[in-house]
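Trainee: Sequence:
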Amino acid sequence: MTSYEAKNEESSKSATAPDSTKPNKKVPLKPNNSVKANELPEKAIDEYLKNSGFVGSVYIEDKGKFVLEKGYGYSDLASGRKNTTSSVYYIGSMQKAMVATAFMQLVERGLVRLDDPIAKYIPSFPNGQKIKIVNFLGHTTGMKPRHEGNNPITPYRIIREIEQAGIKTQPGKWQYADDNYSVIAYLIQTISGVEFENYMEQHIFIPAGMSGAGFYTTYNTNFMHTESYLREKGKIINAPVRQDLSQLFGAGDIYMATQDIKKFDDALLGGKLVGKESVARMLKKGPGKYGFGFYDLGNHYIARGVLAGYEAGNAFTKDRKKFVILLSNARTKAKTDYQYTQDILAIMNKN
1 MTSYEAKNEE SSKSATAPDS TKPNKKVPLK PNNSVKANEL PEKAIDEYLK NSGFVGSVYI
61 EDKGKFVLEK GYGYSDLASG RKNTTSSVYY IGSMQKAMVA TAFMQLVERG LVRLDDPIAK
121 YIPSFPNGQK IKIVNFLGHT TGMKPRHEGN NPITPYRIIR EIEQAGIKTQ PGKWQYADDN
181 YSVIAYLIQT ISGVEFENYM EQHIFIPAGM SGAGFYTTYN TNFMHTESYL REKGKIINAP
241 VRQDLSQLFG AGDIYMATQD IKKFDDALLG GKLVGKESVA RMLKKGPGKY GFGFYDLGNH
301 YIARGVLAGY EAGNAFTKDR KKFVILLSNA RTKAKTDYQY TQDILAIMNK N
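If you read the sequence shown in full-length UniProt numbering, its first letter stands for residue 1, the second for the next number, and so on.
Think of the hints as simulated: they come from the structure by calculation, not from any bench.
Where hints are given, some of them may not hold.
[Stated by the list, open to error] When the alpha-carbon atoms are kept at most 30 Å apart in a straight line, the in silico DSSO-like pairs for lysine-lysine are as follows:
| no. | residue 1 | residue 2 |
| --- | --- | --- |
| 1 | K276 | K289 |
| 2 | K43 | K82 |
| 3 | K43 | K350 |
| 4 | K70 | K321 |
| 5 | K233 | K63 |
| 6 | K318 | K65 |
| 7 | K43 | K285 |
| 8 | K276 | K43 |
| 9 | K285 | K144 |
| 10 | K43 | K335 |
| 11 | K322 | K144 |
Taking the hints into account, I'd like the entire structure generated from these sequences.
Mentor: Right, dumping it as structure tokens:
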């Protein structure tokens with residue numbers, strides 16, 4: 001593991017990042033990014049992204065109408081290959097919204113209940129009678145985080161390590177941890193009888209038309225894949241992702257393009273993947289402003305993720321009219337996907 005990965009991954013563990021805390025408060029547009037009310041939103045957003053040095057791909061929609069879809073910067077500095085609308089990126093913890101959707105399919109089929117104790121499915125799980133399935137989906141299990149290593153690992157071994165880590169508090173307190181969704185992914189394949197990757201492909205990717213989505217094992221052979229970088233003090237440096245992401249089982253081991261994320265949103269909100277009641281439950285704000293895979297930030301929902309130099313944001317307003325999807329392969333601490341989303345929504349609201 002690189003020192004960068006150890007410092008910046010998505011939970012309190014080594015291969016995920018600052019998703020473990022609540023998103024920052026709303027960040028207003030800076031004066032030099034101000035937008036005139038009569039300026040076309042696509043032009044204003046494009047200029048804003050260029051001026052801020054954004055590197056990646058975006059898809060933006062308002063009231064069913066396309067606003068902007070574009071690639072910025074380079075997908076591979078060494079070869080000079082540029083980002084396009086079809087470039088694919090690791091999405092980190094944004095995956096959790098898709099995993100939660102897959103699990104809610106099993107709930108709708110009557111195969112599992114949200115209030116079932118985890119001991120019903122994993123009898124040896126610590127505090128297993130008190131921790132309910134819903135606690136895993138909402139990050140309120142009270143588990144201690146396991147140590148996430150670099151070596152390849154099986155889902156079964158991940159569960160054993162989670163059990164061995166033990167319990168920190170009684171369930172109910174919000175503490176973000178990838179382990180929660182690794183357990184959910186394990187339950188999906190245990191309850192359905194289908195390996196997790198195959199289940200996601202058959203019941204999420206294919207029905208939604210997400211043709212660019214895939215798991216880490218095929219990332220480097222995808223000719224649209226992007227390399228990982230960091231932007232620091234005006235420089236772009238390499239921030240490689242390790243080749244094996246099995247430690248992130250169910251919590252950050254997939255990639256896709258912006259188009260795939262929009263197709264997921266359309267399928268989810270349109271009732272193609274789960275029913276309206278399941279969608280409402282997923283979006284219901286719980287502790288940490290978190291539902292199942294989505295944060296509730298007042299006027300919009302967002303699913304987000306970070307992995308090495310990759311950063312992903314999938315936001316839509318509560319009236320489901322505005323969509324802002326950003327995927328970056330050169331993230332910077334100076335401006336997160338959350339801040340980009342806030343600024344872009346502010347621009348859209350001025351037009």
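Trainee: Would you mind marking each hint as holding or not holding in the structure?
Mentor: These are the hints, each one checked on the structure:
1. Using a Cα cut-off of 30 Å, the hinted pair K276 and K289 holds, with the two alpha carbons roughly 20 Å apart.
2. For the given pair, K43 sits about 20 Å from K82 by alpha-carbon distance, which is consistent with the 30 Å threshold.
3. Restraint check for K43 and K350: satisfied, since their Cα atoms lie roughly 13 Å apart, inside the 30 Å limit.
4. About 20 Å separates the Cα atoms of K70 and K321, which keeps this hinted pair within 30 Å; it holds.
5. A hinted pair counts as satisfied when its Cα atoms are at most 30 Å apart, and K233 with K63 does not qualify at roughly 38 Å.
6. Between the alpha carbons of K318 and K65 the distance comes to roughly 17 Å, so the proposed pair stays at or under 30 Å and holds.
7. The suggested pairing of K43 with K285 is violated, with an alpha-carbon distance near 34 Å, which exceeds 30 Å.
8. As the CA atoms of K276 and K43 are separated by approximately 35 Å, the hinted pair breaks the 30 Å bound.
9. Under the criterion of a C-alpha separation no larger than 30 Å, the hint pairing K285 with K144 is consistent with the structure, at around 23 Å.
10. In summary, the hint linking K43 to K335 is supported, as the alpha carbons are separated by about 20 Å, within the 30 Å threshold.
11. Among the hinted pairs, K322 with K144 is inconsistent with the structure: their alpha-carbon atoms are about 38 Å apart, more than 30 Å.
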